[in-house]
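Visitor: These are the residues of each chain, in order.
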Amino acid sequence: MIIYGVALLSICTLTGIFIGEVLGKLIGVPANVGGVGIAMLMLIFLSSWIGKHGKFHPKTEQGVEFWSAIYIPIVVAMAAQQNVAGALKGGPAAILAGFLAIAIAFALVPVLNKVGRKKAVASAPNQLASVQR
Amino acid sequence: MIIESLSKVTQAYGMISAFALIGVTMWVSYWLSAKLTKGRLHGSAIAIFFGLLLAYIGGVTTGGQKGLVDIPLLSGLGILGGAMLRDFAIAATAFGVNVDELKEAGLAGVLSLFVGVGTSFIAGVAVALAFGYTDAVSLTTIGAGAVTYIVGPVTGAAIGASSEVMALSIAAGLVKAIVAMVATPFVARYIGLDNPRTAVIFGGLVGTSSGVAGGLAATDPKLVPYGCLTAAFYTAIGCLLGPSLLFLVTRAIFG
Chain U
2 MIIYGVALLS
12 ICTLTGIFIG
22 EVLGKLIGVP
32 ANVGGVGIAM
42 LMLIFLSSWI
52 GKHGKFHPKT
62 EQGVEFWSAI
72 YIPIVVAMAA
82 QQNVAGALKG
92 GPAAILAGFL
102 AIAIAFALVP
112 VLNKVGRKKA
122 VASAPNQLAS
132 VQR
Chain E
9 MIIESLSKVT
19 QAYGMISAFA
29 LIGVTMWVSY
39 WLSAKLTKGR
49 LHGSAIAIFF
59 GLLLAYIGGV
69 TTGGQKGLVD
79 IPLLSGLGIL
89 GGAMLRDFAI
99 AATAFGVNVD
109 ELKEAGLAGV
119 LSLFVGVGTS
129 FIAGVAVALA
139 FGYTDAVSLT
149 TIGAGAVTYI
159 VGPVTGAAIG
169 ASSEVMALSI
179 AAGLVKAIVA
189 MVATPFVARY
199 IGLDNPRTAV
209 IFGGLVGTSS
219 GVAGGLAATD
229 PKLVPYGCLT
239 AAFYTAIGCL
249 LGPSLLFLVT
259 RAIFG
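Taken in order, these protein sequences are the chains called U and E.
Using the numbering used here, the first residue of the first sequence is number 2, and each one after it goes up by one.
Using the numbering used here, the first residue of the second sequence is number 9, and each one after it goes up by one.
Bear in mind the hints are in silico, worked out from the structure with no lab data behind them.
Some clues are possibly wrong.
[What the hints assert, rightly or not] Below, in silico cross-link-like pairs of lysine to aspartate or glutamate (DMTMM-like), each with a Cα-Cα straight-line distance of 25 Å or less: (1) U:K90 x E:E112; (2) U:K53 x E:D108; (3) U:K90 x E:D143; (4) E:K230 x U:E62; (5) U:K115 x E:E109; (6) E:K43 x U:E62; (7) U:K115 x E:E172; (8) E:K43 x E:D202; (9) E:K111 x U:E66; (10) U:K115 x E:D108; (11) U:K53 x E:E112; (12) E:K111 x U:E62; (13) U:K115 x E:D228.
[As the list claims (entries may be wrong)] Just so you have them, the derived chain E footprint on chain U, three or more residues with Cβ under 8 Å: (14) 10–20; (15) 42–52; (16) 84–97.
[Stated by the list, open to error] Chain U stretches covered by chain E per the calculated footprint, using a threshold of three residues with CB under 8 Å from any CB of chain E: (17) 25–35; (18) 71–78; (19) 107–115.
Given the structure is predicted, the values throughout are model-derived calculations rather than measurements.
Idealized CB from N, CA, C, for every residue including glycine.
Please model the entire structure based on the sequences and the hints provided.
Guide: This is how it looks when you write it as structure tokens:
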């Protein structure tokens with residue numbers, strides 16, 4: 002049933018956000034620590050576990066897939082409620098700071114991509130070794 | 009009488025109205041994408057740009073802080089685009105994620121989080137210095153704002169920044185999120201943002217959740233879960249480091 006998929010997604014989301022809140026309290030940060038990320042990991046592991054045991058009905062999948070597909074419209078609605086006027090009202094200092102931060106982030110994507118790769122290549126022989134064993 | 013009835017219906021059925029409005033916006037956007045750009049610019053990128061443009065118009069006409077949502081006729085957008093459904097839909101995108109891709113990018117993803125928070129903070133502090141701020145509290149708050157618009161006020165409140173500096177830091181974070189949404193599809197090909205690995209790194213470097221969610225959606229929806237997974241930890245790391253380590257370092261350097 003479709004509701005099983007929606008419920009699975011709801012349980013993962015709620016649990017993730019809850020763990021994020023608790024982690025925030027424990028660390029002493031007034032923010033949710035990785036709530037959505039934890040929810041995503043839960044969904045990945047739960048769905049692959051269920052898949053392995055051969056119990057994932059296509060209808061159940063649809064309950065998750067609908068929300069995955071409705072993601073873009075939700076992001077458009079999110080864009081429509083950003084405080085764009087407020088951002089521009091911040092003046093040149095705010096605009097420049099925001100621009101510079103994002104420009105550096107963009108520029109560092111290829112740099113960090115290389116950094117990670119070296120390590121991935123270095124660990125590759127180990128993986129091979131374990132396969133050979 | 010007609011306006012009154014219309015307003016009553018769209019408010020009572022807010023989320024349904026939002027589905028209709030966003031649906032039409034998406035249709036127009038994808039049509040424009042196909043006709044004007046031959047599909048080169050993603051329809052979702054155009055739709056997000058429309059959303060931001062309308063948010064600006066809404067903000068200017070109402071003087072409110074929530075873009076189009078401040079227009080009573082369109083208040084339902086607040087439900088559809090609010091944090092609850094946004095997080096729910098982001099979590100749903102994880103369905104069908106390739107676990108091996110994720111593991112392979114894990115280390116680079118964690119590294120990108122700290123590099124992302126650090127460089128955004130430095131960028132904010134540098135701009136604040138250029139605009140004549142010299143005290144450690146203001147510098148730290150504006151730097152934290154360049155991390156995300158949540159880290160800015162959280163940090164500012166913790167270290168006692170003035171409300172003017174807090175507003176500036178929020179604005180800096182908003183600009184960052186908006187530029188991420190608009191510019192990501194255009195720069196994606198130049199920074200290799202076309203696979204799960206770079207999406208994980210992108211999420212950690214940019215971090216601001218709406219910016220990552222919107223930017224990746226406008227570039228390639230398949231990359232969304234990878235970027236959003238790392239970005240989920242970004243604001244928390246910013247809130248953790250802002251009032252503590254980053255403030256102490258800034259104070260040590262600028263007194």
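Visitor: Each hint: holds or not?
Guide: These are the hints, each one checked on the structure:
Using a Cα cut-off of 25 Å, the hinted pair K90 of chain U and E112 of chain E is violated, with the two alpha carbons roughly 42 Å apart. Annotation: proposed proximity of K53 of chain U to D108 of chain E holds, straight-line Cα distance about 16 Å (limit 25 Å). With a C-alpha separation of about 23 Å, the suggested pairing of K90 of chain U with D143 of chain E holds against the 25 Å cut-off. Our distance criterion of 25 Å between C-alpha atoms is met by K230 of chain E and E62 of chain U, whose separation comes to about 17 Å.
The hinted pair formed by K115 of chain U and E109 of chain E meets the criterion: a straight-line CA distance of about 16 Å does not exceed 25 Å. For the hint linking K43 of chain E to E62 of chain U, the alpha-carbon distance of about 34 Å lies beyond 25 Å, and the restraint is violated. For a cut-off of 25 Å, the pair hint linking K115 of chain U to E172 of chain E is broken: about 40 Å separates their Cα positions. The hinted pair formed by K43 of chain E and D202 of chain E meets the criterion: a straight-line CA distance of about 24 Å does not exceed 25 Å.
For the suggested pair K111 of chain E and E66 of chain U, the alpha carbons sit about 23 Å apart, so the restraint of at most 25 Å is met. A hinted pair counts as satisfied when its Cα atoms are at most 25 Å apart, and K115 of chain U with D108 of chain E qualifies at roughly 18 Å. Between the alpha carbons of K53 of chain U and E112 of chain E the distance comes to roughly 22 Å, so the proposed pair stays at or under 25 Å and holds. For the hint pairing K111 of chain E with E62 of chain U, the CA-to-CA distance comes to about 24 Å; that is within 25 Å, so the pair holds.
This hinted pair checks out: K115 of chain U and D228 of chain E have alpha carbons roughly 22 Å apart, not beyond 25 Å. Figure legend: the segment 10–20 of chain U, annotated as covered by chain E; annotation consistent (6 residues with Cβ-Cβ distances under 8 Å, at least 3 required). Against chain E, the segment 42–52 of chain U contributes 5 residues with a C-beta closer than 8 Å to a partner C-beta. That satisfies the three-residue criterion, and the hint holds. Look at the segment 84–97 of chain U against chain E: 14 of its residues bring a Cβ nearer than 8 Å to a Cβ of that chain, three or more, so the hint holds.
A stretch counts as covered by a chain when three or more of its residues have a beta carbon under 8 Å from one of that chain; for the segment 25–35 of chain U and chain E the count is 8, and the coverage holds. Counting residues of the segment 71–78 of chain U whose CB lies closer than 8 Å to any CB of chain E gives 8, so the stated coverage by that chain holds, three being the minimum. Counting residues of the segment 107–115 of chain U whose CB falls under 8 Å from any CB of chain E gives 7; the rule of at least 3 is met.
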